[in-house]
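2 protein chains.
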Amino acid sequence: MSFFPLPASDKAALEEGDRFTPRFDGAGLVTAVVTDAGDGELLMVGHMNEEALKLTLETGIAHFWSRSRGTLWKKGETSGNLLHVEEVRTDCDQDAVWLKVAVGGHDATCHTGRRSCFYRSVRIEDGAARLADDGSGAKFDPDAVYGASD
Amino acid sequence: MSFFPLPASDKAALEEGDRFTPRFDGAGLVTAVVTDAGDGELLMVGHMNEEALKLTLETGIAHFWSRSRGTLWKKGETSGNLLHVEEVRTDCDQDAVWLKVAVGGHDATCHTGRRSCFYRSVRIEDGAARLADDGSGAKFDPDAVYGASD
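So the protein lines, in turn, are chains A and B. Here the first sequence is numbered in the working numbering, starting from -19 and rising by one per residue. Here the second sequence is numbered in the working numbering, starting from -19 and rising by one per residue.
Everything labelled a hint here was simulated from the structure, so no lab data went into it. Honestly, I wouldn't trust all of these hints.
Identical chains share a label here; the pair holds if one copy fits it or two copies do between them.
When the alpha-carbon atoms are kept at most 25 Å apart in a straight line, the in silico DMTMM-like pairs for lysine to aspartate or glutamate are as follows [claimed, not checked]: (1) K54 / D75; (2) K119 / D(-10); (3) K119 / E(-4); (4) K34 / D(-10); (5) K80 / E67; (6) K34 / D106; (7) K54 / E67; (8) K54 / D5; (9) K34 / E(-5).
These numbers come from a predicted model, not from an experiment.
One chain only, chain A, in its complex shape:
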């Protein structure tokens, strides 16, 4: 039996009710947006299956579903940069969650060592989409933390 009730078919119950009935997509996932509880900076976007969402709510430590590895993922288990969840929110149609977190360890969420995964801006230049790095530096050495082959 599922921990979360099935989503309401009634739109008013889904949008205005007090029951959390997450709407997992065809792959069994909801989108999870992670911001810093202190200054609101967007840190990362991940995905959660039912188990990851339940563990996050129950333990207060963010868990995700790694789409690339196909495994449950306790974020920060290797690096020590656990995400301590201060608040979870959901949106009107309950297919996304927002985690406000305090980041442990190096205060860095991105596996590249940076604080946030969103370190590059996008713009069209001469008809092509180009990226510009914001210069945010690494707060830890990924090779030392994950091993050089990762």
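Start from chain A and add chain B according to the hints.
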């Protein structure tokens, strides 16, 4: 031919390069996180196919792919609450974008009339996941704007 180049197979190019090569998922979508460019508030999470992403970058008005309707969606076309994009960012593995926007019209992004779609917090109570409304009020009347049947 696609507007965006195919994603680099080389991880360093994907993570550190200056070419925007969005990694659309199996459904042809990337996740789009929308925050207010002024105070950083998380307003909504949506999805973009290639056309929506290209139009957003070219016009400076946020476009999405509506998964529920299966159509391109110029957000705010009915309500007047267009999202004027001040900056677009992407994340380390280029499967998500972050839009910093100025909201037009009623300064409300949610179709329920609220400023943000994330008006409810989630917590476990007596073994069940419950929602608590933050009391943010409607900034416009959805029935009047969309029609009572929507």
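*Starting from the hint list further up, note which numbers the structure goes against and sort them upward.*
none
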